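**Student:** Put chain B with the ligands on the given structure of chain A with help from the hints.
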Amino acid sequence: MTYRAATVAGLTTNIFFGLLRASVLLALLNAQRVNGWDSNDAVTYVVLTQAIMMFVSIFGWTDLMNAVYRGEIATDLLRPMGLFGFWFAQDVGRALAALLLRGVTILVISSLLFHIKIPSSVAQFLALLLSMLLALTISFAIRFIYNLSAFWSPDARGFARFVSVIGTFASGFLMPLRFFPDWMQQILNFTPFPHIMNTIIEIYVGSISGNQVLEALLVQTLWAALLVVLAQIILSRASKRLVILGG
Amino acid sequence: MIQVQNLSKHFSVRNPQKGNFSLLKNFVSRDSRILKAVDDVSFKVNRGEIVGYLGPNGAGKSTTIKMLTGLLVPTSGHLEVNGFVPWKSRQAYVSRIGAVFGQRSTLWWDLPVIESLELLQFIYKIPSATFKQNLEHFTKILGLDEFLNSPARSLSLGQRMRADLCAALLHNPDLLFLDEPTIGLDVVAKERIREFILHINATQETTVVLTTHDLADVQKLCKRAMIIDHGKLLFDGALETLQTRFGGLRQLVVDFALPYADLEVEGANLVSRDGNRAVYAFSREQLSASELIRRLSERFSIQDISVLEPDIEATIRLIYEQNLLGAT
Ligand SMILES: Nc1ncnc2c1ncn2[C@@H]1O[C@H](COP(=O)(O)OP(=O)(O)OP(=O)(O)O)[C@@H](O)[C@H]1O
Ligand SMILES: [Mg+2]
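Residue numbers (the numbering used here), protein chains in the order written: chain A, 1 to 247; chain B, 248 to 575.
Same shape as in the complex, but just chain A (with noise of 0.2 Å):
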């Protein structure tokens, strides 16, 4: 009950806030084209936002911060299982179900409210799809790794929360990469967090196809191989730091 009170709550300022964005952004572009994109886009743009931030935890995730902290993380070193494998696996289950709980209703209330665009082609959903799952697998690793480094520092919210923050400029969430400079775009490209929601954002809206596609899908798989190899590097360092507390 309460939950689903929750569930609801959630929704209602999600919409709230898609309509206030959307309505910035609308002014913004004032009925022109910015970098090949019209008012369409940018509603659509903003939907999409709306529904997957919480799929890719767009504002960051504490949990196993959390559990190291209060020495839970204990229980999880007393199993055989590697901890990366547990922990997103664990994530993949709270991702789908904010994906098809909270992401699929706003799509479907967004698209009675305004007139949205949708996947076209079966190859173009596809494509989303598998970028969709990279994007959950690259937001997974950063997010591990930075809550490893409760295992060095004794507050590592602080920077937790400094990452989540470069995290929602850099991943296209605040404002579309394509409205930014060039040579900003240059720079983020060097960085993970487009592959977070840029790279579903093009290839939903269409405005990237066929080997431009393919290409985005191929260096997002390249940048999740290099952060879940990463992540259990500092993992391997992590464990050799362990301090449990309690007892």
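No wet-lab data here; the hints were simulated from the structure. A hint or two may mislead.
So the derived list for chain A, only partly shown, Cβ under 10 Å to chain B, looks like this [to be verified]:
id : residue
1  : G71
2  : E72
3  : L78
4  : R79
5  : G82
6  : L188
Quantities reported herein were computed from a predicted structural model and do not represent experimental measurements. All C-beta atoms in this analysis are idealised placements derived from N, C-alpha and C, irrespective of residue type, glycine included.
**Tutor:** Using the frame of chain A, we list chain B with the ligands on its own:
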């Protein structure tokens, strides 16, 4: 099974800064000291033993158990369990051990107990025949039926501990670590848990290392005790040895047939008297019980008599309090 040589774990703890700007000083201060939570400890545990690991609060018991279970990396020394160095090959190692930390549940908080157990079956890759058999068996001995379908967060402490114990043993581990498994439980629940530990040890030859502040646990479960204080291992040996070496005084309770005025007797202290009942304390070395009884019966007419051995609780309290083993 367990081999520990010169094992130490030191923590560096910051000295709190006092005075003005203490918050800032704490932040930049490098002023710290070394706390030797476990200090040069060596011991061996053989297969099938149940060892009680005792010591006052902050002695280093949990720290030792954390190293033995691979949760902490030792500062120095050698540690080998079951052929593994726990922290080096954590995943392979923990699949062969079970652990229960009384202060902390290992069950998933929101899941019904049975689902936590099923998840463990998956994680430990327990064959379903073994799982079914163990679950059925443990459920019966521990009486888990009534709450198998309740979420772990709704369980009482005693129920939770029983469920945790079941969870720790489903995969038939060779070794079981128990850190205060009876903390906060009532007498019946404690008894149930002790019976279960004895049963597992007897039927599966499971080696058990347990820490506790309840000496009835030790008396009931262990033949061997280790005592640690300030990180140093002070005693390692049979429980009986502990009692004979440091045992307090034995007591003789006598019911006299008549109300005598003077009950003093040579070689024993009159501890208390209440009507016709008197309690004498005497030491094993100075006087045998039969000699004391003979001296008493020479002078008085006696109705009833019983000898009380010093209990382990008093013995160990004596050791802690009077520093009998020479801790520094
Ligand atoms: N992570 C840590 N950092 C600093 N000091 C620690 C840490 N963990 C334990 N200690 C210190 O090490 C000592 C031993 O602690 P430990 O938890 O092993 O005691 P214990 O024997 O289990 O006590 P209790 O019976 O109270 O559970 C204590 O002085 C404790 O304060
Ligand atoms: Mg302890």
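**Student:** Closer than 10 Å between Cβ atoms is the bar; does L78(A) clear it against chain B? Give me holds or violated.
**Tutor:** Check passed: Cβ of L78(A) comes within 5 Å of chain B, closer than 10 Å.
**Student:** Taking 10 Å as the limit, does the beta-carbon of E72(A) come near enough to a beta-carbon in chain B?
**Tutor:** Hint holds; E72(A) Cβ to chain B Cβ min 7 Å, cut 10 Å.
**Student:** Taking 10 Å as the limit, does the beta-carbon of G82(A) come near enough to a beta-carbon in chain B?
**Tutor:** This hint holds: G82(A) lies near chain B, its Cβ roughly 7 Å from the closest one there, short of 10 Å.
**Student:** Closer than 10 Å between Cβ atoms is the bar; does R79(A) clear it against chain B? Give me holds or violated.
**Tutor:** Interface hint status for R79(A): holds (5 Å vs cutoff 10 Å).
**Student:** Hint L188(A) vs chain B: min CB-CB distance below 10 Å?
**Tutor:** Status violated, d = 34 Å.
**Student:** Under 10 Å, Cβ to Cβ, is where G71(A) needs to be relative to chain B, so tell me if that hint holds or is violated.
**Tutor:** With a minimum Cβ separation of about 7 Å from chain B (threshold 10 Å), the hint on G71(A) holds.
Consistency note: the structure conflicts with earlier hint 6 alone.
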